[in-house]
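Colleague: Next come the chains, spelled out residue by residue.
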Amino acid sequence: MFAHGFGCDQNMWRFITPDFEQNFRIILFDYVGSGNSDISAYRSNRYNSLDGYVQDVLDIIEALDLKDVIFVGHSVSSIIGALASIKKPHCFKSLLMIGPSPFYLNEPPEYHGGFEPEVINELLDLMKKNYIGWANVMASQIMQNEDAPELNRELEESFCSTDPVIVHEFAKVTFFSDNRDDLPLIKVPTLIIQCEDDSIAPKNVGKYMQSNINRSTYKSIPVNGHCPHLTHPEKVIPVIDNYLRKLLKE
Amino acid sequence: MMHSMLDQLPCGYLEFDDNGLIRQSNNRFCKIVGYSSKELIGNHIKTLLTPGATVFYQTHLFPMLKMEKQLNEIYLTFLSNNGEKIPVLLNAERSTEKEPAVNRCIVVRMQRRSEYEDRILFAKKQAEETTEDKKKLISMMSHELRTPLSVILGMVEMLSEELDSDANEDIIEYLKLIETSSNNLARLADDILNFAKLETGNFSINQEVLLLEEVLDRSFLIAKHEAKNKDIECTRGKKSELKVFADPDRLQQILMNLLTNAIKFTESGDTIELFTDHDEQFVRIHVKDSGVGIPINKTELIFQPFKQLNGTNAGGVGLGLSISRKLSREMGGDLTVRSTPGDGTIFTLQLPLKDENNAIS
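Protein chains in written order, with this note's numbering: chain A, 185 to 434; chain B, 6 to 366.
Please keep in mind that the hints were generated in silico from the structure rather than gathered at the bench.
Values in this document were obtained by computation on a predicted structure and should not be read as measured data.
Misleading hints may appear alongside valid ones.
Claimed, not checked - Restricting the straight-line Cα-Cα distance to at most 25 angstroms, the calculated cross-link-like pairs of lysine-lysine (PhoX-like) are:
#, chain 1, residue 1, chain 2, residue 2
1, A, Lys313, B, Lys130
2, B, Lys51, A, Lys356
3, B, Lys90, B, Lys130
Chain A with its partners taken away, still in its complex shape:
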């Protein structure tokens, strides 16, 4: 099961999944508010914490009656997958995390998530101006008006479409959630894939993840950026492949 991170949709996996189609059943999905999801299903009180997204993952697993799920999560989805595996460990075979972080803010002296709250607020402002600023009227119509399919289509036509209001709330949930205490509760084998130079999930955060997850493996790849599965799929695929080979042999 491939779960996209904050900022895009399931298309992010398009360079990765073909290599695994032969040996695995591939499950791709968009979170509510991203990609071609049904925006009318969005409820603020469900998605005002990661729990709503966790429940979505568990709902998919239940609906498709999935067992031994290998959950590949990018960025915030790594944590969503981890929380889902804590709730129902028997459903998961393994967690594969790409650029994960349990908490993005700095909490000196013990923890350096990489960000001060002002940076996250600046990002939220940028997103507001890029999406909500000019699209808010359209967005609020979509949110409230189910009988305006032409507006929905307009969003759907965009390849990497996201609903501006929802993605803004998703950003807040992503960057302000603190899941450090959940890491020791993860019971399934976990692979942490880290880019050498990732300003969103810095190396020390990857190491922190590794030291707090019991059965974890840490793999750094010589790439910069936060989306190696998009920018350098040729570096990510062998890492996943090697890990799965070993895991499935055990």
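Knowing the structure of chain A, use the given hints to seat chain B on it.
Modeller: Relative to chain A, chain B alone:
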């Protein structure tokens, strides 16, 4: 040659590769960020972005550019050599014709527009917050009013029961006055509360298949009683066996609003008529009065909240019709009005007839 052309462009130009490393820039861009071309080439684009913009670049801008190949009107904040934040608008296109792929951008500085947008967004946010606060206040106030009113009405009822037949007439009249005024106030509080609920979406409509006649009869009887006190005659059109798909409580609320209004604006000795007609899909319930009527250009105004026609204040705040229309529409119907000044008014409530798909019985 190429360089001189780029330098003549009336906008900033920037090229970077998939690793985010800057490959080319023109003079205008160098001027915007305050670096020389030499200083820029080979550096990562994130060194030119504010921290928030760096996250945006990594999570949105670059992934989208890689997949969509083109981006338009992206708002971004660059960081100049002297630490100044520079808001820009960026269009980008990705070329994969040759290896390695190259991402080309044009950059336009937008200082004033950015400030203007910020102000608009701020004003919008403030307006939304104020509206929200107002809605909450209205909802809370009407709720708080309703509670003591219920106590007053209960006490008046108890006192009335305690009084025997030879009680002082003045006392009976005073009690009646308290009761009438409290009832008016309670209706007002209910209207405001209903309106607040409708505005915030905090209400529910429970539609079911029901015999129209049952609700019409009930409402008509109550109205007839009120009309009699004012010496107004109430008449009923032909009864029917029609079944409608509606919320019985909401339907009665609308009917009572229409009938009470009709009584309010009809002179003693005149008549009010309640009758229906229907087609295959809808039933139309008409409430006709013989009052002063409504000027043609004001027939829509009366459905707007807090709007009343001049000189027609009869104890309300002008919410009843607004609420009734909203409720009608929520039930798949509508509320309209036809009026001839001096010759009365007809309010028409249209409701869907029993839909076979929703039929319970």
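Colleague: Give a verdict on every hint.
Modeller: To see whether the hints hold, each was checked on the structure:
no., hint, result
1, A:Lys313 - B:Lys130, "holds, 13 angstroms"
2, B:Lys51 - A:Lys356, "holds, 22 angstroms"
3, B:Lys90 - B:Lys130, "holds, 24 angstroms"
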